[in-house]
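Undergrad: Dock chains D and H against the given chain E, drawing on the hints supplied.
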Amino acid sequence: MITAEEIREKYVRNHPSPFCPGCGGGMVLNAMSRAVESAGIDKKDVVAVSGIGCAAWIPSPHWRVDTLHTTHGRAVAFASGVKIADRDLEVMVVSGDGDCAGIGGNHLLHGARNNIDLNVIMVNNGLYAMTGGQVAPTTEHDEKTLTTPYGNPASSFEVAEVVKAAGASHVARWTTYHMKELVKEVEKAVDTKGFSFIEVLAQCPTRKGKKEGMTGIEMLEWYKENTSKDQDSEKMYVGTFCDVERPELTEEIYRQIERLGGE
Amino acid sequence: MSERIEIKIDRDMCKGCGICIKYCPKEVLARSEDLNQYDNHYPEVVSADKCISCRRCELYCPDFAIEVKEVKDEKEEKE
Amino acid sequence: MKDPGVYFIEGNIACAEAAMKVGCRFYAGYPITPASEVMNHLSKELPKVGGRFVQMEDEIASIASVIGSSWTGLKSMTATSGPGFSLMQENLGYAVMTETPCVIVNVQRAGPSTGQATKPGTGDVMQSRFGSQGDYEMIALSPNSGQEMFDFTVRAFNLAERYRTPVVLLADAGVGQMREKVKIPEDVPVKERKRPSSNETEFFDTDEEDHVPPMPDFGEGHELLVTGSTHLGDGTRDTASFSAQDNLVRRLVAKIDGNRKDIEDWEEKNVDGADLVVVSYGSMSRPARGAVKKAREKGLEVGFFRPKVMWPSPEKRLREIGEDSKVLLAELSLRGYRIEVERCVDSDKFYVYDRLNSLPTIDEVYQKIEEVLS
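Chains as they are written, first to last, in our numbering: chain E, 21 to 283; chain D, 443 to 521; chain H, 309 to 682.
With the rest of the complex left out, here is chain E (with noise of 0.2 Å):
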């Protein structure tokens, strides 16, 4: 297994992150760095897409691969271009939930009809962090944030669901209490031709814990709490959505210009 100081000299750079202490972002960037080295993928190979938020740090200055820093929401859409254009690049988007499913969301929704080669991971801290924590597609019916004072009017939705829905070929959803299995999933997505989402919770202690008066640790503790691997449980499931296979948009475009003998 790969060391902390091995991952810092080969995966990491701008260190220390200017992340809040026990911000879940440094761990999604633990598990990226794990995964890929698992899955003996060279670096060099590995573009990082991301779009605006606090998540889109994660790799824009931290992960030394190249890293293309876009517009909000964007990310998905900025990937695809990457992708189709070199298939043998290995394409990673992280991206926060607000910028993912809100702003992003129809992008996200055509990348998965698409199925596109891309490996997407939300990062899921169930409100707009970098602004000052406010309301977002994630955030529960009720929730008090910064713009739902009087409690949240509307509702969240289960990404995951809707994105397994959309055609993606592997969805999964994993906290960041789940670090093992966080890693093995993103070496699962880099592995999976088409389409991957991985829904990570991940704490916010500072928005959204010291509002609830929890500490990063206490968030862990709750993620650990509140999920089940087992999908009939009342709580809150963690792990696969769907694992399935379906054409994937970058060959069929590659094989079309095959024969067409335009390559």
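Hint data in this document are derived by calculation from the structure and do not stem from the laboratory. Predicted model only: the values in this text are computed from it and were never measured. Warning: the hint list may mix true and false statements.
Quick list of in silico lysine-lysine cross-link-like pairs, PhoX-like style, CA-CA up to 25 Å [to be verified]:
id, chain 1, residue 1, chain 2, residue 2
1, E, 30, D, 450
2, E, 30, D, 511
3, D, 464, E, 204
4, E, 184, E, 204
5, D, 468, E, 244
6, E, 255, D, 464
7, H, 502, E, 64
8, E, 231, D, 464
9, H, 491, H, 352
10, D, 464, E, 228
11, D, 450, D, 511
12, E, 244, E, 228
13, E, 230, D, 464
14, E, 30, D, 514
15, H, 352, H, 489
16, D, 464, E, 200
17, E, 255, E, 200
18, D, 511, E, 200
19, E, 184, E, 200
20, D, 464, E, 249
TA: Just chains D and H, lined up with the frame of chain E:
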């Protein structure tokens, strides 16, 4: 030749979140009294002999500030 | 891709053919009138030359994937019209900030908003220059024929690669959908982006006089930091310091402004000593040119000036013209290029022939010339 477990803590990378201390299954670590350069209480090894090298602390640390190494000792080295 | 020869084709098809000829190998777009023919044609032809074609979910995604593709080294483009161009503004600014070469074709139609989808207009001239937030300079070319749809598309790619910047081909429905004679030559001039030498690490700053840093590709091991946030020469985000913002934004502006001589291009005829100079561009410049010809045949001292490059604008030349002559701006919009020309010419010498929905006849423009000179 013997094997020993070395727990390396990079104090100045630590933000003092305490996750490593919490998730160590053998209570090897404890919060320091002292502060590092960023005024954080970093973890200290209090029961090195209990470490089973599960490396959970390393896997959970958000800041790559702790690692567990199994070092092969050929000669006696200082602790 | 068509063989060299003379064809009777739409301007949009000429644009698509030129793109392939100059080496475009990635197209992403979304259907919109009156630009769709560019995409329709490339969907069929681009794969045959090894290019990747993809129809995206919207114009935002289209330009996003074009920028992503460009970072793998492929010449990339998209085409749209006003409503789509509005959606592209944010990432147009991103392409400026990250210095990503790409070509955005805007076959303008009558606006605002949905306007008249099948009718020409040139109301996006200012938007093409100022549409995205913050300080920047843009290159925008204005073709007025099928042939120029071809030639200017080639030039748009070459300028994009040369200056590592997005370039807008500011066409309109008049030239995009009109069918006329277009000559496709054997060879076209092809410029490639500046590549880094092996030991270079600064891809976002340069001491070179042209202000253009070298651009590597993804996958070459540079561990690139490409960001739309303010950044240092190595790409590191710096969202706070004065020097980072000052160095970067000044250089981005200087990269275009300081190379005006190389970028600028216009057509002028009988301008010196004219009583009146008609300034026009795009499809409107055709009846305008006809009206100038008619006026001269009638013995009037009228000149003709047509910016082929709208941005950076030929402001110095416009000022010179305004010193000696009256200026009549003829355009297919009310606010298209007006502010830019108006600021270069004294108000008592500035006249406008503006028109909406469709091109005027030569006589209609001629009457305005007579009116100004009487």
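Undergrad: Next step is simple, just say for each hint if it's right about the structure.
TA: Verification of the hints:
1. Proximity of residue 30 of chain E to residue 450 of chain D is assessed by CA-CA distance (about 18 Å); at most 25 Å being required, the pair is judged to hold.
2. Note on residue 30 of chain E and residue 511 of chain D: the hinted pairing holds, with a Cα-Cα distance of about 18 Å set against a maximum of 25 Å.
3. For the hint pairing residue 464 of chain D with residue 204 of chain E, the CA-to-CA distance comes to about 23 Å; that is within 25 Å, so the pair holds.
4. Taking the CA atoms of residue 184 of chain E and residue 204 of chain E, the gap is near 19 Å; set against the 25 Å cutoff, the hint holds.
5. Pair hint residue 468 of chain D plus residue 244 of chain E holds up; C-alpha atoms about 19 Å apart against a cutoff of 25 Å.
6. This hinted pair checks out: residue 255 of chain E and residue 464 of chain D have alpha carbons roughly 23 Å apart, not beyond 25 Å.
7. For the proposed pair residue 502 of chain H and residue 64 of chain E, the alpha carbon gap of about 21 Å is at most 25 Å, so the pair holds.
8. Our distance criterion of 25 Å between C-alpha atoms is met by residue 231 of chain E and residue 464 of chain D, whose separation comes to about 22 Å.
9. With a C-alpha separation of about 21 Å, the suggested pair residue 491 of chain H and residue 352 of chain H falls inside the 25 Å cut-off, and the hint holds.
10. Between the alpha carbons of residue 464 of chain D and residue 228 of chain E the distance comes to roughly 20 Å, so the proposed pair stays at or under 25 Å and holds.
11. Our distance criterion of 25 Å between C-alpha atoms is met by residue 450 of chain D and residue 511 of chain D, whose separation comes to about 8 Å.
12. Simply put, residue 244 of chain E and residue 228 of chain E have alpha-carbon atoms about 17 Å apart, close enough for the 25 Å limit, and the pair holds.
13. At most 25 Å may separate the alpha-carbon atoms for a hinted pair to count; residue 230 of chain E and residue 464 of chain D meet this at roughly 19 Å.
14. Taking the CA atoms of residue 30 of chain E and residue 514 of chain D, the gap is near 24 Å; set against the 25 Å cutoff, the hint holds.
15. Only pairs whose Cα atoms come within 25 Å are accepted, and residue 352 of chain H paired with residue 489 of chain H is accepted, the gap being roughly 22 Å.
16. Taking the CA atoms of residue 464 of chain D and residue 200 of chain E, the gap is near 16 Å; set against the 25 Å cutoff, the hint holds.
17. Taking the CA atoms of residue 255 of chain E and residue 200 of chain E, the gap is near 20 Å; set against the 25 Å cutoff, the hint holds.
18. Of the pairs offered as hints, the one joining residue 511 of chain D and residue 200 of chain E holds, with about 18 Å between alpha carbons and a cut-off of 25 Å not exceeded.
19. For the suggested pair residue 184 of chain E and residue 200 of chain E, the alpha carbons sit about 23 Å apart, so the restraint of at most 25 Å is met.
20. Among the hinted pairs, residue 464 of chain D with residue 249 of chain E is consistent with the structure: their alpha-carbon atoms are about 22 Å apart, no more than 25 Å.
In this structure, none of the earlier numbered hints is contradicted; all agree with it.
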